[in-house]
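Undergrad: With the hints as constraints, model all of the structure from the sequences given.
Going down the list, the sequences are from chains A and S. Under my numbering, residues 1 to 350 are what the first sequence spells out, in order. Under my numbering, residues 351 to 803 are what the second sequence spells out, in order.
Note that these hints are calculated values from the structure, not bench results. Predicted model only: the values in this text are computed from it and were never measured. Mixed in with the good hints there might be a few duds.
[Stated by the list, open to error] With a cut-off of at most 20 Å between alpha-carbon atoms, the simulated SDA-like pairs for lysine to any residue come out as follows:
(1) S/K786 with S/G686
(2) S/K678 with A/D132
(3) S/K678 with S/N801
(4) S/K786 with S/Q768
(5) S/K491 with A/A118
(6) A/K244 with S/G686
(7) S/K798 with S/V782
(8) S/K750 with A/G101
(9) S/K491 with A/K244
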Amino acid sequence: MKYLKSIFVLLSIFNFISCSKDSIKPAVDYSDVLSNSTNQVIINTYKDLNDKSKLLLIAIDQLKSNTSTGNLELARLAWRNSRIPWEQSEGFLFGPVDQQGIDPSIDSWPVNVVDLDAVMASPDVLNKTYVDALEGTLKGFHTIEYLLFGENGNKQLAEFNTRQFEYLSACTQSLNGSTQQLFDAWRTEGQNFGKNLIEAGKVSSIYPSQKSALQELVDGMITIADEVANGKINDPFVQSDILKEESRFSANSKADFADNIRSIKNIYLGSLDGSGSIAGFYTLLHQSKVSLHQKIVNQIEAAIAAIESIPGTFTTAITLNRPAIQFSQDQVRALQLTLESELKPFIDTF
Amino acid sequence: MMRIFYAVAIGLLCFFSCADEDPINLEKVLAGGSTSVFAEFSNAFQFPAANLSPIELQNHRRGDVAFESSFVTAPSQINAGLGPIFNQNSCVSCHGKNGRSPFPDSENDLLGLLFRVSIPGINIHGGPKPVPGFGGQLQTKAVFGKKSEVSVKMNFIEIPGSFSDGEAYSLRKPIFNFDNAYIPLPGDVMISPRIAPPVFGLGLLEAISVEDILKHADPIDLDKDGISGKPNYCWDELSQSLQLGRFGWKAGQPNLLQQTAAAYLDDIGVTSPLFFEESSKHQIQYDGGMDDPEINNELLSLTTFYTQSLAVPVARNQDDPEVLSGSKIFDKIACGKCHVRNFKTGTHREFAFLSNQHILAFTDLLLHDMGDSLSDHRPEFEAQGNEWRTPPLWGIGLTKIVNGHSNFLHDGRARNFQEAILWHGGEANQSVLNYKNLSKKERTALLKFLNSL
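TA: Here it is, written out as structure tokens:
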């Protein structure tokens, strides 16, 4: 989903081939930014995802063993909480999440409702091993969401049955397995994919230069801005089709979108708490690009604020508050444009 | 407005050069002509061609959505039509980030590996004869309540060898076995493993004129250079005639529309107006066909257009002395006899952005004898078991960044470039012998050249 990307990538060819001999530039070491992005943002986000996914399992097992409205709401809250780090990881959807095929097990959409109903009606034993072997559209966040919240988001306690609780638990155990796999794939003590960014330019890395690793990061930011503006918001909005809304069952779409923009913010600032790290990506802009830095920060905040200010749920706003959706889409597109037309070309000159 | 922007950008490319440096030879860099993009990161195969019009860009984006869509079991309010038997539930499940599937590390998830099957003889169009009860492809997954056609078991044999300088190597040969068949497979079944290839730049390959491809053909080696180059002629559903094959590991598909429709049908179990009968028809697992076709012409066209309009990443480091040396060795040991560097596309009947482009695809789109070691012993139209279509090499050096692996050849058996070279046989025997006689330094330079593409 690269709306405007081709123009800027073409321009980057210009940067790439026009002065290809790096010897005319002083060597600059960007390993502090790459290391900070990897260790402070990416790995910590995946750690948070893994931790929250475990808390979700605890909440679901609590609901399973003690079925009550209170425990149902706690399980739903735990689902929303685990969704936050996942959405905040979508600004860096490269590496193991894609290459090891983990994404479909975590975030497949839509839910295969026909097969899910058939699984429920079957005599099959429902456990993690069983769910692990199923297609992504029968597990992961959206299947858990569908079972917890129901088709219309108002599922009542009386509508749950034992099989659903068993499946919810098995499904969340499977989700735990995927989030653990993802965390392990990145961290130093695991498969250490992170070293590819940190050691970019060395033979130990898949990235031939620090520049290409920085381009990976900036392209990840552009990709999620594009996805939010021109996919996640655009498709249900322009087609006025709520079936195309991804987190409709839980009415969590606005939070999803805002957290996607926060994934950009986290990479850009180099921390998860909104404060700028001394080795954040933004430090690459140095003093010569202060106005661009401020523009990006402002546009990130404006996009988040616009999304969160959409009245009601995203589902209802598609019908009732279209100008607010349009405004938020415009804000995200403005951010995307800046990242594509100003930040990326700047990195391409490195 | 965008068109103007592109024109300016291209103009800059044409006229700019650094005053104190040698100008870069654009013809050696822009592998996809004006469609090319520079990207040396994991989304390198995911960009739209750089010269699309705004409307084409919009259609490309819609095709992108279709390419990424996961299908589910019918009836469903959205993306209905999966199966009942299938290999994967979306295009991207096999072509991750539009790239090459790795060789699977688990029998439980075959990723982009599938198996074409047939029995001796030909069908009414001269193509492979379907296996009764299985059709032309083994579907290794099924929707709930149905049974996959088979389960796959993998074993490996390591085959040792050495270069002239004494350095040893080992080649991995996969052995596939099949069990849990939903009905017994016939004893004379012929099985051909295939790995999902990258899907960028395909529109440019489609735009090369038949005449230009046939200029390289030499089926009975009249010029006695040991290299044949044989066109495959396969069945074209739309024209109801035999046409030059261009796509697939054996050039068994004549165009991208048919390639796309066939993949929807055989890989995902989704019927379209071009192939409106389920892959499971005439099988006991057939779903009755009440909802066929499951996608309409518009969606099929959009997905097809997506594969036609993906940009080709530029070649990199083409002024590096070692890369230049590797490029010369590539020619010296005759790799380029089949992996033909240059083509100029013809006039594409629908899309101007594909027309008259100078491209560096490193393929002749023709069949070549690759020897018994790579033979699948399964004919496909005019392609014999040991004959395979020369695959393009553009973008191949980005495989590790994009897809996280370096598995090559039709079934993904090669674990790196070198193993891929060493598996070549048949017409490439002399080239492989020449490669084995190279010094370590020369071999490294050739591999570096491949990595620059």
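Undergrad: Give a verdict on every hint.
TA: Here is how each hint holds up against the structure:
1. S/K786 with S/G686: 17 Å, holds
2. S/K678 with A/D132: With Cα atoms ~50 Å apart, S/K678 and A/D132 exceed 20 Å; violated.
3. S/K678 with S/N801: 14 Å, holds
4. S/K786 with S/Q768: 10 Å, holds
5. S/K491 with A/A118: 16 Å, holds
6. A/K244 with S/G686: Since the Cα atoms of A/K244 and S/G686 sit roughly 48 Å apart, the hinted pair is violated (cutoff 20 Å).
7. S/K798 with S/V782: 17 Å, holds
8. S/K750 with A/G101: Since the Cα atoms of S/K750 and A/G101 sit roughly 15 Å apart, the hinted pair holds (cutoff 20 Å).
9. S/K491 with A/K244: This hinted pair is violated, its Cα atoms lying about 26 Å apart.
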